[in-house]
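**Student:** The lines below spell out each chain.
4 protein chains.
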Amino acid sequence: MPVEGSTAAAGVLRESRPTPGLRYARPVSRATFLFSSPDRPGLVARLAGFFSELGLNIVEASNYTDLHGERGSSRFYMRLVVDLAGLSLPRAQERLAGSATRAAMETRFAEEIAGPLGGEWTIGYDDRVARVAVLVTKDPTCLYDLALRQRQGDLPCEIALVISNHPTLEAAAQSFRIPFYALPITKETKPQQEAQVLELLRKHDVDLVVLARYMQVLSDDFLGAAPPVINIHHGFLPAFQGAKPYHQAHARGVKLIGATAHYATKDLDEGPIIEQDVERITHAMGPEELVRVGRDVERVVLARAVRAHLERRVIVEGRRTFVL
Amino acid sequence: MPVEGSTAAAGVLRESRPTPGLRYARPVSRATFLFSSPDRPGLVARLAGFFSELGLNIVEASNYTDLHGERGSSRFYMRLVVDLAGLSLPRAQERLAGSATRAAMETRFAEEIAGPLGGEWTIGYDDRVARVAVLVTKDPTCLYDLALRQRQGDLPCEIALVISNHPTLEAAAQSFRIPFYALPITKETKPQQEAQVLELLRKHDVDLVVLARYMQVLSDDFLGAAPPVINIHHGFLPAFQGAKPYHQAHARGVKLIGATAHYATKDLDEGPIIEQDVERITHAMGPEELVRVGRDVERVVLARAVRAHLERRVIVEGRRTFVL
Amino acid sequence: MPVEGSTAAAGVLRESRPTPGLRYARPVSRATFLFSSPDRPGLVARLAGFFSELGLNIVEASNYTDLHGERGSSRFYMRLVVDLAGLSLPRAQERLAGSATRAAMETRFAEEIAGPLGGEWTIGYDDRVARVAVLVTKDPTCLYDLALRQRQGDLPCEIALVISNHPTLEAAAQSFRIPFYALPITKETKPQQEAQVLELLRKHDVDLVVLARYMQVLSDDFLGAAPPVINIHHGFLPAFQGAKPYHQAHARGVKLIGATAHYATKDLDEGPIIEQDVERITHAMGPEELVRVGRDVERVVLARAVRAHLERRVIVEGRRTFVL
Amino acid sequence: MPVEGSTAAAGVLRESRPTPGLRYARPVSRATFLFSSPDRPGLVARLAGFFSELGLNIVEASNYTDLHGERGSSRFYMRLVVDLAGLSLPRAQERLAGSATRAAMETRFAEEIAGPLGGEWTIGYDDRVARVAVLVTKDPTCLYDLALRQRQGDLPCEIALVISNHPTLEAAAQSFRIPFYALPITKETKPQQEAQVLELLRKHDVDLVVLARYMQVLSDDFLGAAPPVINIHHGFLPAFQGAKPYHQAHARGVKLIGATAHYATKDLDEGPIIEQDVERITHAMGPEELVRVGRDVERVVLARAVRAHLERRVIVEGRRTFVL
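Taken in sequence, the protein lines are chains A, L, H and W. Be aware that the first sequence starts at 1, since it is given in the working numbering, and climbs by one per residue. Be aware that the second sequence starts at 1, since it is given in the working numbering, and climbs by one per residue. Be aware that the third sequence starts at 1, since it is given in the working numbering, and climbs by one per residue. Be aware that the fourth sequence starts at 1, since it is given in the working numbering, and climbs by one per residue.
Check the hints yourself; a few may be wrong.
[Stated by the list, open to error] Here are the simulated DSBU-like pairs of lysine-lysine, each with C-alpha atoms no more than 35 Å apart in a straight line:
#1 A/Lys244 to L/Lys244
#2 W/Lys203 to W/Lys266
#3 W/Lys244 to W/Lys266
#4 W/Lys138 to W/Lys244
#5 W/Lys244 to H/Lys266
#6 W/Lys244 to A/Lys138
#7 A/Lys244 to A/Lys138
#8 H/Lys244 to W/Lys203
#9 W/Lys266 to H/Lys244
#10 L/Lys138 to A/Lys266
#11 L/Lys266 to L/Lys138
#12 L/Lys138 to A/Lys244
#13 H/Lys244 to L/Lys138
#14 W/Lys138 to W/Lys190
#15 W/Lys266 to W/Lys187
[Stated by the list, open to error] Some chain A residues close to chain L (C-beta under 7 Å, calculated; not the full set):
#16 Gly242
#17 Lys244
#18 Val254
None of these hints come from the bench; they were simulated from the model. Heads up, the beta-carbon is just placed ideally off N, CA and C, and yes, glycines get one too.
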């Protein structure tokens, strides 16, 4: 990737995907912007221009204009990954009036871009590794799967702790040296247990909660206070909501079963879907065999969804998601 | 498949699959039994023994015992294909008391097997080619698909006629030399139109009705009077029942769309599912693009279901099907 | 998509996907650029800036930087769709020195962008509908499939003619009112037959040749003289090259069969792959049944590849393709 | 599944699938026969009759007649699962001349069935749990997957030991309390290392060796002396044989990558395929990302193949397998 002579004049705007294998081991810091606003001409140029003028190289970019949106008019969605190396160069210093910090960049973006365009946005820095809490009950499949992927560098996060309402999976968590907390729950103790969970999330500075077959419904209060929560539902939503989806699927006689990873919201099983997949079944499989077949779909779907969230690819819009 | 010397002594019970390529061009007649009964030990032996004693070779056989049934106890399902060549041999003559006809075989089966075992059964003969009516509205995809497969020998049937509530697809039907009937329908004329359709089905001696994107809900009366009806629903049932499933799927933000072929019953979209499949979609596809992607799933799913029905592989049990 | 007043100042760079349903019925002309060059910083800004300065709105854009390329260094690939309405506005007139034509735009692009960057590029205009020749032998599946999709507006092209070495499919072509030419071929007459085909391609002004189960190997001379040729191979390349891939697959005992759409090149079955897919099979399927199952994969894979080519999404790089 | 009184008279031949969830926890012993022979009429009746006369209930049965075989004529394949409870009843005592043992049953089967029919057969008893050795190098994915499935009752086996040429995965094996042996290997020490491995297999009474990403080619001598060996190849065989299949796939520009589980034979990557599957990829994925995507396919394919082998469903015929 030779940096040829006079390209500074043209700006160093660049859009590309980095070597995947190096993605989570890079020495240079990057910032990922997720932006959405009402659609209008010139949006890409305006966003790209902002970073170009700061001397920050755009490393990845993708965008989508939704003409079928819930808000009644076209809406623009963009993901931008910029290389922060440029923040220490004279150009950024100059443009940001001597204070070329991340905070100054964010303030300027809010004032020049998001404000005038009526946009909504978030930002993440890849040298601030996300901290994930995995909530489980007794089924180890998804926990092992997530822990193993994290170890192999496939999930850009740390698994900060595992919380369960049963002690069953303590050894599994410990084999990966992840702190494990057993917090039993009954109808009566639910508020207290949820408060304990929230306290642990705060203490461990958790950015994302993953329900990896946690067999409890979270209260609205909990969801209101917690970081984003991703749940794996072992059914092909919106079919087979609620309990025992595999038994429902068997009784209905469907020919495929599925799994759905979605953000948990106050309306159970109605949260925005991040990822889904299915597996073929036959009449010769009883509900127990569906459970076995379903496990393979569940863990892959959950892992894909968690990865997309951690790479800051997901924008939620009502009940839909845009995975950029 | 050499017929070796003294095999008569050992019985000529045989279970195998014939050469697929020859399946619909065989000179020898075959009968296909679909049988179900409460489960009990020895059922396979008893059914196989019946044909063995008649000197009829079993060409294909498969069975399944459902332990999770709706009727509250285990139930046995079996499909048997027998070679009728043996009906003309002395052994059958002897056993059927000189009247070795298909009717005599059926009577004996009812008396010796189905009656004592409390079984339900149907029979079909492959030299009696099924006659199919295809009902359409304006979308040609499934019609072309079925007609082409029939032409290529992949569907063991004749397409006796095409009926539509619009004249749009007349040329398509004619290009395959299939009689086409346009029977427009309005809210007021629905009873009369359905009566006309029924009359055509009777006149053309139709065994199976295929709703190949026929955009009308059939009345209970019609379904009660018509031969079996297979419908293709452009959604992954039981999700997205009713109208505009692709628009529903888009609004819900699912990541896969599907199609479902099922027997039409009085409860719309609740009929027993024969076959389903899905296709991956993205947030970047509007409802119109889902229609395009969905077409490829619909026609394949419909063709598989029609083929399974025509090969007499499908047993309906409540809301489930067993595809043997 | 409101065109607001003062956006000219910010440039009218826009990237979005149009309503798919409207894609092939738009009144406004668009140009699609496919561009590749050695990678360097600032390429997106430079390409986008070129059109922004001309006052041409960017309607779709996507790009990819390949770090694993065959040429030994990183290479940049971009697809840009621009709205040509701006060509008639004063800004374009001014920038193009009074001659705001397509030719002037192309010349300027070559001089200012492609030349200095060492880039390779092609351009297409969507009011110049591509003309396709479909070459067949006896199997009608892919021909019907392509004709039907074209009719339904799913393929942005005209099917200008069908050429075959057998008369079998004449009626099929005629039912879609497509001119049909039967040009029989023998070992001896191959050069003459190919010359006749080339002559027909020229006469019908063909932009793309689709081998829809054309059971002949094209000579190097033909491929050198013809427009781009897309072939459907009924095997999962690079496995099962050459003749009778289903029989090869059966003999090897694979558990999935596939189809591969690729550009035809002088090295048979070695051309750049555009699209592939597979279908599951079992040991119970003989070669003839593989043919039947395979047909469903073949036509879908071929249609996707032809569509990608016609939408100008495919860039060939050695034996690989980038589908943008 | 009520065992009714007088069923002996009708024979107790039964074919059904047991409750899957109970499959590996049943108190009653079962024997699984895998049988193949030249095809002839009456084979099913003859095999079923053998067990019927012994008073042994047939619990599962499936068969297939291959008309496309490598041996030049039709060949018959059958899998039979019989309930051994009947071995202790008078009928079996009588038929087996007072010695109603498993050995006597096997001898009788060889004399009455396999011998006269020229058949090949194997037998397994499900109260003799198979012992599996897992061979690994550094990649933990398949090891964790197999161990977890075994723990959850999805694989009817014990994992007797893990052998590796590197110490990397010792902790992983220990977390499942599986003995781990590190046996480093160099070109010079290969014969000795393989002898050590063979000695461990003998000592641990191993029935099946699973190469779970064991990055060594086994010698002919080793394969000749070892129990059956299942290998997972991270490519869609027969494409991409040999080393670095993901790099080969990337260079060839395929659009799907796959994994193949096969019995290891002297001809590397030419062994009979048990199971395969694929995953879609894009031009935007480098070889490293293919490795990540491929891992999900590999482990599922390997687990399915090992399960099929352990359930005694696989018959090898030349380079093909029949999975009954």
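**Student:** Taking the hints in turn, state whether each one holds.
**Tutor:** A quick look at each hint next to the structure:
Restraint check: the Cα-Cα separation between lysine 244 of chain A and lysine 244 of chain L comes to about 28 Å, which is no more than 35 Å; the hinted pair holds. In summary, the hint linking lysine 203 of chain W to lysine 266 of chain W is supported, as the alpha carbons are separated by about 24 Å, within the 35 Å threshold. Between the alpha carbons of lysine 244 of chain W and lysine 266 of chain W the distance comes to roughly 20 Å, so the proposed pair stays at or under 35 Å and holds. The straight-line distance between the Cα atoms of lysine 138 of chain W and lysine 244 of chain W is roughly 15 Å, inside the 35 Å bound, and the hint therefore holds.
Proximity of lysine 244 of chain W to lysine 266 of chain H is assessed by CA-CA distance (about 27 Å); at most 35 Å being required, the pair is judged to hold. For the proposed pair lysine 244 of chain W and lysine 138 of chain A, the alpha carbon gap of about 38 Å is over 35 Å, so the pair is violated. The straight-line distance between the Cα atoms of lysine 244 of chain A and lysine 138 of chain A is roughly 16 Å, inside the 35 Å bound, and the hint therefore holds. A distance of roughly 48 Å separates the Cα atoms of lysine 244 of chain H and lysine 203 of chain W; the hinted pair therefore is violated under the 35 Å criterion.
With a C-alpha separation of about 27 Å, the suggested pairing of lysine 266 of chain W with lysine 244 of chain H holds against the 35 Å cut-off. Restraint check: the Cα-Cα separation between lysine 138 of chain L and lysine 266 of chain A comes to about 42 Å, which exceeds 35 Å; the hinted pair is violated. A distance of roughly 24 Å separates the Cα atoms of lysine 266 of chain L and lysine 138 of chain L; the hinted pair therefore holds under the 35 Å criterion. About 40 Å separates the Cα atoms of lysine 138 of chain L and lysine 244 of chain A, which puts this hinted pair outside 35 Å; it is violated.
Only pairs whose Cα atoms come within 35 Å are accepted, and lysine 244 of chain H paired with lysine 138 of chain L is rejected, the gap being roughly 38 Å. Between lysine 138 of chain W and lysine 190 of chain W the CA atoms are separated by roughly 18 Å; this keeps the pair inside 35 Å, and the hint holds. Proposed proximity of lysine 266 of chain W and lysine 187 of chain W is supported: the alpha carbons are some 18 Å apart, at most 35 Å. Given hint, glycine 242 of chain A at the interface with chain L, is violated; its Cβ is 13 Å from that chain's nearest Cβ, farther than 7 Å.
With a cut of 7 Å, the hint placing lysine 244 of chain A at the interface with chain L is violated, because the nearest CB-to-CB distance is about 13 Å. Evaluation of the valine 254 of chain A hint against chain L yields a held restraint, the C-beta minimum of about 6 Å falling below 7 Å.
Checked against the numbered hints listed earlier, the structure breaks hints 6, 8, 10, 12, 13, 16 and 17; every other hint is satisfied.
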